[in-house]
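These protein sequences, in sequence, are chains X and W.
Following the working numbering, the numbering of the first sequence begins with 1 at its first residue and continues without gaps.
Following the working numbering, the numbering of the second sequence begins with 1 at its first residue and continues without gaps.
Treat the hints with care, since some could be wrong.
Unchecked claim - Okay, derived cross-link-like pairs now, BS3-like style, lysine-lysine, Cα gap no bigger than 30 Å in a straight line: (1) W:Lys205 / X:Lys59; (2) W:Lys161 / X:Lys131; (3) X:Lys137 / W:Lys154; (4) W:Lys133 / X:Lys29; (5) W:Lys84 / X:Lys137; (6) W:Lys133 / X:Lys137; (7) X:Lys59 / W:Lys161; (8) W:Lys279 / X:Lys59; (9) X:Lys52 / W:Lys251; (10) W:Lys133 / X:Lys135; (11) X:Lys148 / W:Lys288; (12) X:Lys131 / W:Lys154; (13) X:Lys131 / W:Lys190; (14) X:Lys135 / W:Lys84; (15) W:Lys154 / X:Lys135; (16) X:Lys36 / W:Lys154; (17) W:Lys205 / X:Lys29; (18) X:Lys135 / W:Lys279; (19) W:Lys133 / X:Lys59; (20) X:Lys148 / W:Lys133.
As the list claims (entries may be wrong) - Some chain X residues well away from chain W (every beta-carbon gap over 10 Å; in silico): (21) Ser32; (22) Thr46; (23) Lys52; (24) Gln66; (25) Pro68; (26) Ala69; (27) Leu120; (28) Lys151; (29) Pro161.
Rather than coming from a laboratory, the hints here were simulated on the basis of the structure.
Glycine included, every Cβ here is placed at the ideal spot set by N, Cα and C.
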Amino acid sequence: MRPIIFTSVVLAGLVLGTAAFAEPGTLLKADSLRAKPFGDAEVIGTLKAKDKVDITARKGAWANVQIPAGKSGWIRVLNIRTGSGKSGDSGVGAIASLFKTGSSGNTVSTGVKGLSEEQLTNAEPNPEEAKRLSKYKNTDADARNFAKQAKLSAQQVDYLPANGGSE
Amino acid sequence: MKRILTSIVMISSLGATGAALAFNLNDALNKLNDPDTQKALGIGKKMLESAKEISEPQEIDIGDGIASNLLGAAPLVRDDALQKYVNRIGLWLALQTERPNLPWRFGVTDDADVNAFGTPGGTILITRGLYEKFRNESELAGVLAHEIAHIVQKHQLKAIKSALGREWQADIAVAVAEKKGNSDAKKSLKAYTAGTELFARGLDKGDEYEADRMGVVIAARAGYNPFGLVGSLQTLDAVNASDGAVALMFKTHPAPAKRLEMLTAAMGTQMDQFGDSGKEPARLYVLKK
Numbered sequence: 001m002r003p004i005i006f007t008s009v010v011l012a013g014l015v016l017g018t019a020a021f022a023e024p025g026t027l028l029k030a031d032s033l034r035a036k037p038f039g040d041a042e043v044i045g046t047l048k049a050k051d052k053v054d055i056t057a058r059k060g061a062w063a064n065v066q067i068p069a070g071k072s073g074w075i076r077v078l079n080i081r082t083g084s085g086k087s088g089d090s091g092v093g094a095i096a097s098l099f100k101t102g103s104s105g106n107t108v109s110t111g112v113k114g115l116s117e118e119q120l121t122n123a124e125p126n127p128e129e130a131k132r133l134s135k136y137k138n139t140d141a142d143a144r145n146f147a148k149q150a151k152l153s154a155q156q157v158d159y160l161p162a163n164g165g166s167e
Numbered sequence: 001m002k003r004i005l006t007s008i009v010m011i012s013s014l015g016a017t018g019a020a021l022a023f024n025l026n027d028a029l030n031k032l033n034d035p036d037t038q039k040a041l042g043i044g045k046k047m048l049e050s051a052k053e054i055s056e057p058q059e060i061d062i063g064d065g066i067a068s069n070l071l072g073a074a075p076l077v078r079d080d081a082l083q084k085y086v087n088r089i090g091l092w093l094a095l096q097t098e099r100p101n102l103p104w105r106f107g108v109t110d111d112a113d114v115n116a117f118g119t120p121g122g123t124i125l126i127t128r129g130l131y132e133k134f135r136n137e138s139e140l141a142g143v144l145a146h147e148i149a150h151i152v153q154k155h156q157l158k159a160i161k162s163a164l165g166r167e168w169q170a171d172i173a174v175a176v177a178e179k180k181g182n183s184d185a186k187k188s189l190k191a192y193t194a195g196t197e198l199f200a201r202g203l204d205k206g207d208e209y210e211a212d213r214m215g216v217v218i219a220a221r222a223g224y225n226p227f228g229l230v231g232s233l234q235t236l237d238a239v240n241a242s243d244g245a246v247a248l249m250f251k252t253h254p255a256p257a258k259r260l261e262m263l264t265a266a267m268g269t270q271m272d273q274f275g276d277s278g279k280e281p282a283r284l285y286v287l288k289k
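Bound-form chain X, shown alone:
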């Protein structure tokens, strides 16, 4: 049994590895394909709503995409839907799968069963583990220093008001 599981984990890893370089997406609305990840960059093509693309990179508000014709360029990342687009609500499938989690477990590869709703509501406190968590708590100075190492600097940005979208 063991070798089989091991092989499938490795295979799954390979497939996932490839997928990480080209993620499939669908355009939400028509858009210009640009040469660079900027709003005023040269337009090198046009895409229609529902056009299929492969996302190959992400940069800020932009995604580098490859279109089936072979051309590649940048479009706004928020204009891409990465899900199946079948339905706006995943509720039914998610609830159905809840019934499955209890007995079958979620994944083979990790060996750790995912948290089910039942496990969560029946959880007993684990003070030892809570103590361990507190052990990692760090100082403001340390956090600031770690940010500085990555050249992250704080800036003032106002919160966004809710806007549009239909509930």
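Given chain X, put chain W in place with the hints provided.
Using the frame of chain X, we list chain W on its own:
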């Protein structure tokens, strides 16, 4: 109730327009929010807060109880470097908010599910299943910032309060009494259980959208590319909804596509500049196998 009564008595005894204040606490509190009135009465903001809701130490105590339960369901990943890493990033983000002084703690739990939990008072746990899906540090930052926003806005506390209804006051009274009584065998509060169950039911949808909107801003404030959260939500959108690993998270949150739609409407193009200038540190800690 006792707390409110005490506050009314205190407010009244400060003189001012005592009678009027005592009749309508809400009006009184509105009036007391006026800086001039505050100055005249010599009232600190802290006292006003305590009159309106539970104290910060109580909030932290409730959160600690919930965190202990969550860790009972799934322990921490045994990787000190990983836990230290998320704490450094998490705290840096939290420092950019309106509640920088909470005892912020962050952890990655050994759980194959895809989920993240924030408890009142500043404890945030994300699962290994979610962590393994991050493409870069700005996506981790985006998710942590979303949870931080829930805590800053006290969304969980609000939900626990409403779940407990009338029992809430009695429960908190027990907590206060125990703090004073210094008893070793601390009774487990209903709020701990209610707070843990909350993660099986989920928060208010509107609160989730708000945490998304605030999350991108908190990430931007910390110098990150604010589109990290967008990337994470797109990852979730691409996961098959019938995958058991996302069952609980999908049940307790609006669909990722809907969250992205709401976020897109709120962001417009105004966050693009922070996408251009924002950093994406190439140091995402890779989990040991």
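Comparing the hints with the structure gives:
no., hint, result
1, W:Lys205 / X:Lys59, "29 Å, holds"
2, W:Lys161 / X:Lys131, "26 Å, holds"
3, X:Lys137 / W:Lys154, "21 Å, holds"
4, W:Lys133 / X:Lys29, "27 Å, holds"
5, W:Lys84 / X:Lys137, "8 Å, holds"
6, W:Lys133 / X:Lys137, "24 Å, holds"
7, X:Lys59 / W:Lys161, "41 Å, violated"
8, W:Lys279 / X:Lys59, "10 Å, holds"
9, X:Lys52 / W:Lys251, "28 Å, holds"
10, W:Lys133 / X:Lys135, "26 Å, holds"
11, X:Lys148 / W:Lys288, "26 Å, holds"
12, X:Lys131 / W:Lys154, "24 Å, holds"
13, X:Lys131 / W:Lys190, "21 Å, holds"
14, X:Lys135 / W:Lys84, "9 Å, holds"
15, W:Lys154 / X:Lys135, "24 Å, holds"
16, X:Lys36 / W:Lys154, "41 Å, violated"
17, W:Lys205 / X:Lys29, "26 Å, holds"
18, X:Lys135 / W:Lys279, "29 Å, holds"
19, W:Lys133 / X:Lys59, "18 Å, holds"
20, X:Lys148 / W:Lys133, "25 Å, holds"
21, Ser32, "14 Å, holds"
22, Thr46, "19 Å, holds"
23, Lys52, "14 Å, holds"
24, Gln66, "17 Å, holds"
25, Pro68, "19 Å, holds"
26, Ala69, "23 Å, holds"
27, Leu120, "5 Å, violated"
28, Lys151, "6 Å, violated"
29, Pro161, "7 Å, violated"
The structure is inconsistent with the numbered hints 7, 16, 27, 28 and 29, although it conforms to all the rest.
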